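Enquirer: Sequence:
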Amino acid sequence: MYSKFQLTKKYLHYYFTASNGKGHGIHSPFVFDFIINVLNDKKKYDCYNDIEKRRLELLNDATVIEVEDFGAGSSVIKTNARVVKKIARSSLKPKKFSQLLFRMVQYYQPKTIVELGTSFGITTAYLASGNTNAQVSTCEGAKNIAHIAKQSFEQLNLKNIILTEGDFTTTLPPLLNQLQTIDLAFVDGNHRRLPTLDYFTQLLKVSTPSTILIFDDIHWSAEMEAAWNEIKQHPAVTLTIDLFFIGIVTLNNDIKVKQHFDIRF
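Quick note: the sequence shown, position 206, residue 206 per this note's numbering, numbers continuous.
Hints are computed from structural coordinates only; laboratory data are not their basis. Possibly wrong hints are sitting among the right ones.
Derived BS3-like pairs: lysine-lysine, alpha-carbon spacing no greater than 25 angstroms straight-line [as the list claims (entries may be wrong)]:
(1) LYS86 x LYS42
(2) LYS53 x LYS43
(3) LYS205 x LYS22
(4) LYS10 x LYS53
(5) LYS95 x LYS53
Using C-beta positions, here's what the derived DEER-type ranges look like [as the list claims (entries may be wrong)]:
(6) VAL64 x ASP167: 35 to 43 angstroms
(7) PHE32 x ALA226: 38 to 46 angstroms
(8) PHE5 x ASN133: 39 to 47 angstroms
(9) PRO29 x ALA81: 50 to 58 angstroms
(10) LYS9 x LYS205: 13 to 21 angstroms
(11) PRO174 x PHE32: 32 to 40 angstroms
(12) VAL257 x ASN60: 28 to 36 angstroms
(13) ALA18 x ALA81: 34 to 42 angstroms
(14) GLN6 x HIS234: 21 to 29 angstroms
A quick note: this is a predicted structure, and the numbers were derived from the prediction, not measured. Glycine included, C-beta positions come from ideal geometry on N, C-alpha and C.
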């Protein structure tokens, strides 16, 4: 992964060159609508407090668990015996972006949602809360992390989540085969180029023209940037949005010219 210095340098470049996030000068109806009604929605939704309370519990949990690591690994934690609060500190998506995922689901109302990388279930909870009539299928490689995620779902009384444990290599193909089509996917799994592109290819096969794909940590490393650039250039991709920490992909066939937007958030 990039060093903290490299990442900061990249972020500053993004910050000073991206659109200001107000919608001015944006000629894409989809992106303008996204900025006005999703990105800049400042409403405090009812679920926010409960989910953030659960996050705080995890950030203070000193329990030690054994963790299998199927991905690129934690940039902070290098041992299989890990403290819950340290995992939470390094792996949970910040409130700002977790709540953006909620607003995307709340606004676009996808019915079938897939998440790769459950962690302790905070982003999953936000996705599931955005549309309680949706089915959220989330995948987590590490058994003990998945167990804690299930506790999160029970505590938050979320009934529309199905959690699949195991390596994505073996669990994702049958899951997507079962679902047949997906409306939204959040990919926060193996942070390497080839696995990320493999997930993208698999998700593409079950996507529709209205499907939205969201990729986490697109500037986390040179490999992730390479994967993001290849995804942007794929013939099926018509519009992409770079929020630096996440990348959003749409496949709308009505858009005839490929468009890309860097938006400050």
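Enquirer: Hinted pair, alpha-carbon criterion (25 angstroms max): LYS95, LYS53. Please report holds or violated.
Expert: holds (11 angstroms)
Enquirer: Measure nothing beyond the straight line between the CA atoms of LYS53 and LYS43; if it is 25 angstroms or shorter, mark the hint as holding.
Expert: Holds, at about 18 angstroms.
Enquirer: Looking only at beta-carbon atoms, does the pair ALA18, ALA81 fall within the given range of 34 to 42 angstroms?
Expert: Cβ of ALA18 to Cβ of ALA81: about 40 angstroms, so the range 34 to 42 angstroms holds.
Enquirer: Regarding VAL64 and ASP167, is the given constraint of 35 to 43 angstroms on their beta-carbon distance met?
Expert: violated (23 angstroms)
Enquirer: Does the structure keep LYS86 and LYS42 at a Cα separation of 25 angstroms or less?
Expert: violated (30 angstroms)
Enquirer: Taking 38 to 46 angstroms as the stated bounds, is the beta-carbon spacing between PHE32 and ALA226 within them?
Expert: violated (30 angstroms)
Enquirer: Is LYS10 within 25 angstroms of LYS53, Cα to Cα?
Expert: violated (32 angstroms)
Enquirer: Holds or violated: 39 to 47 angstroms for the Cβ distance of PHE5 and ASN133?
Expert: holds (45 angstroms)
Enquirer: Falls inside 13 to 21 angstroms, the C-beta gap from LYS9 to LYS205?
Expert: violated (37 angstroms)
Enquirer: Holds or violated: LYS205 with LYS22, Cα cutoff 25 angstroms?
Expert: With a Cα-Cα distance of about 34 angstroms, the restraint between LYS205 and LYS22 is violated, given a limit of 25 angstroms.
Enquirer: May I ask you to test the hint 32 to 40 angstroms on the CB atoms belonging to PRO174 and PHE32?
Expert: Once the Cβ atoms are compared, 39 angstroms apart, the range 32 to 40 angstroms for PHE32 and PRO174 holds.
Enquirer: Given a hinted range of 28 to 36 angstroms, is it respected by the beta-carbon distance of VAL257 and ASN60?
Expert: Given range 28 to 36 angstroms: violated, Cβ gap about 50 angstroms.
In this structure, the earlier hints numbered 1, 3, 4, 6, 7, 10, 12 are contradicted, and the remaining ones agree with it.
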